[in-house]
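Letter by letter, the chains look like this.
There are 2 protein chains.
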Amino acid sequence: MRLTITGGDGFVGRAVVRRLRDTHAAVELLLVDRTFSEAGPERRLIGDLRDPAVLADATRDCDALLHLAALPGAAAEGSPVESRAINLDVPLKLIEAMQGRRLVLAGSIAVFGAAPAGPVEDDTVPTPDSVYGTHKRMVEIAFADAVRRGAIQGAVLRLPGIVARPAGGGGFGSAFLSDVFHAACAGVPYVVPVAPEATSWLCSVTACAANCVAALLGDWTWGEAITLPALRVAMGDLVATLTTRFPQACITHDEDAILRRVFGSYPRLMTQRADALGLRADPDISRLVSAALATG
Amino acid sequence: MRLTITGGDGFVGRAVVRRLRDTHAAVELLLVDRTFSEAGPERRLIGDLRDPAVLADATRDCDALLHLAALPGAAAEGSPVESRAINLDVPLKLIEAMQGRRLVLAGSIAVFGAAPAGPVEDDTVPTPDSVYGTHKRMVEIAFADAVRRGAIQGAVLRLPGIVARPAGGGGFGSAFLSDVFHAACAGVPYVVPVAPEATSWLCSVTACAANCVAALLGDWTWGEAITLPALRVAMGDLVATLTTRFPQACITHDEDAILRRVFGSYPRLMTQRADALGLRADPDISRLVSAALATG
Chain A
0 MRLTITGGDG
10 FVGRAVVRRL
20 RDTHAAVELL
30 LVDRTFSEAG
40 PERRLIGDLR
50 DPAVLADATR
60 DCDALLHLAA
70 LPGAAAEGSP
80 VESRAINLDV
90 PLKLIEAMQG
100 RRLVLAGSIA
110 VFGAAPAGPV
120 EDDTVPTPDS
130 VYGTHKRMVE
140 IAFADAVRRG
150 AIQGAVLRLP
160 GIVARPAGGG
170 GFGSAFLSDV
180 FHAACAGVPY
190 VVPVAPEATS
200 WLCSVTACAA
210 NCVAALLGDW
220 TWGEAITLPA
230 LRVAMGDLVA
240 TLTTRFPQAC
250 ITHDEDAILR
260 RVFGSYPRLM
270 TQRADALGLR
280 ADPDISRLVS
290 AALATG
Chain B
0 MRLTITGGDG
10 FVGRAVVRRL
20 RDTHAAVELL
30 LVDRTFSEAG
40 PERRLIGDLR
50 DPAVLADATR
60 DCDALLHLAA
70 LPGAAAEGSP
80 VESRAINLDV
90 PLKLIEAMQG
100 RRLVLAGSIA
110 VFGAAPAGPV
120 EDDTVPTPDS
130 VYGTHKRMVE
140 IAFADAVRRG
150 AIQGAVLRLP
160 GIVARPAGGG
170 GFGSAFLSDV
180 FHAACAGVPY
190 VVPVAPEATS
200 WLCSVTACAA
210 NCVAALLGDW
220 TWGEAITLPA
230 LRVAMGDLVA
240 TLTTRFPQAC
250 ITHDEDAILR
260 RVFGSYPRLM
270 TQRADALGLR
280 ADPDISRLVS
290 AALATG
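In order, the protein sequences belong to chains A and B.
With numbering that gives the first Met the number 0, the residue at position 122 of the first sequence is 121, and numbering never jumps.
With numbering that gives the first Met the number 0, the residue at position 158 of the second sequence is 157, and numbering never jumps.
Hints listed in this document are in silico derivations from the structure and should not be mistaken for laboratory results.
Every value quoted in this text rests on a predicted model; they were computed, and no experiment measured them.
You may find that some hints are simply not true.
Because identical chains cannot be distinguished in the list, a pair is counted as satisfied if it fits within a single copy or across any two copies.
[Stated by the list, open to error] Computed list of lysine to any residue pairs in SDA-like fashion (alpha-carbon distance at most 20 Å, straight line):
id, residue 1, residue 2
1, K92, P51
2, K92, V53
3, K92, V146
4, K92, G77
5, K92, E223
6, K92, R260
7, K92, W221
8, K92, E81
9, K92, A275
10, K92, A150
11, K92, T22
12, K92, V80
13, K92, R148
14, K92, D50
15, K92, R244
Let the hints inform the model, and build the full structure from the sequences given.
Here it is, written out as structure tokens:
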């Protein structure tokens, strides 16, 4: 079986590759990215998927494709035209190029906008309020139509906040959700920009990669986007767990109203569709921390 | 004031031009279309908006633009890639090109899919079930985001069934809704493919053009799409009105289940947003018939 992973050198992409090496060593992988930070046994295609030749090479011979490459939220907000090209046009062209084959697209909880009003369930209507969430939502609608027409197999997976991303968090306004892990681990003083009561939907990159692989290798197709399971974590509980693990941690809070609204106001989450498909969140906050640090 | 009308030689476009000539003779018009069936005093740009040079010429000097050009529903369903280029990419590029200016996009009730379950109101969530409705819905979402960012003024107007389109109805599955007018008028026997109880949302092209002009020249901006007012007409009532007007009419019914579901199962329609903006449906079925025939 031949699989293509776009964003193959990204944070989630590398975790997916590790997961596939561990669980499905026989698959042939083609990794696509604009640069690669390390060598490896998999075939690599260096290029930009906005280039039609790169997109053709990425899709030509594979049985299934996992599309992770994206322009992150803060960068998308600053450059809507670039986001349209990367976060909308590329996935739409992948849907066309992968006709009749399996395609798994990384969506995002950003489609719900900041601070959804009530509990979020599978039938909650997305109301994006960012360029990133808007383009992710548009792709969901296009994918659903392609499934309706029988033109594609696979699914769109809405990823929650993935931790712990590498420090620095280029382009992600949610970087603090990962940076707090690195600061605690290193014993560096850190001010979390939301109050202890702030709640976020988090998933370790390990659990996220397992869900991506399950969707990529699965035999089911779902037209409507699938919200991935996540732990709803209060920032105070996360800090307490990290402090127990790293007694040298020195973490305080100083709330930024915008970050609180955008990344720290997530209500209860129910993901019946994903649960029924066997997709899983980290079982508890302690194991989320362990998994996040194992790959941070 | 300089206005551009795309699809300027189309059925709605020509009605908009007539309306503007009658009510706003001082505006400078640029009509854009791939061909023109007749000459006229307005400037004409012959070309395909998929060509970046044509799109640049169409948008360069205007204060406001009305985008009517589209690939109709049946044609879009048969050619999703072409629909993506025409019904999605072109409006998205118009949103970018018209930044800071006024843009009115022709949307469609097709975003609601066939046979909406209950009454349709402004907050009814669209659930498109066609390529055409999917692309129209994606454009709505992109437009709302551009308004949120302050990048554009104007609105997306969801057009109902417009009557009476020219006979033949290239690409529109709803052609029978117009063809029944022409057959009644000509005294040609005609079998309406839906039962007398079938209900559709109809608007004369005259009323539609008046609404388009009001939106184009208005000073209001609305991020969420505006469903235009329409008469909910039972096919039996329309046939009765036509038969009263044209005693030689010979119209019978023979229901096609698909056409009934897609074009003849429309529930109650409430358009508070449009009503508050002064947009209007034809006042009653008799005047709808008169207006439809005056321009058919």
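The hints, checked one at a time:
| no. | hint | in the structure |
| --- | --- | --- |
| 1 | K92 x P51 | both (9 Å within a copy, 19 Å between copies) |
| 2 | K92 x V53 | within (12 Å within a copy, 23 Å between copies) |
| 3 | K92 x V146 | within (15 Å within a copy, 26 Å between copies) |
| 4 | K92 x G77 | between (23 Å within a copy, 17 Å between copies) |
| 5 | K92 x E223 | within (19 Å within a copy, 27 Å between copies) |
| 6 | K92 x R260 | neither (34 Å within a copy, 31 Å between copies) |
| 7 | K92 x W221 | within (19 Å within a copy, 30 Å between copies) |
| 8 | K92 x E81 | both (15 Å within a copy, 12 Å between copies) |
| 9 | K92 x A275 | neither (30 Å within a copy, 40 Å between copies) |
| 10 | K92 x A150 | within (13 Å within a copy, 26 Å between copies) |
| 11 | K92 x T22 | neither (30 Å within a copy, 44 Å between copies) |
| 12 | K92 x V80 | both (16 Å within a copy, 9 Å between copies) |
| 13 | K92 x R148 | within (16 Å within a copy, 26 Å between copies) |
| 14 | K92 x D50 | both (11 Å within a copy, 18 Å between copies) |
| 15 | K92 x R244 | neither (46 Å within a copy, 51 Å between copies) |
Comparing the model with each earlier hint shows violations of hints 6, 9, 11 and 15; every other hint is respected.
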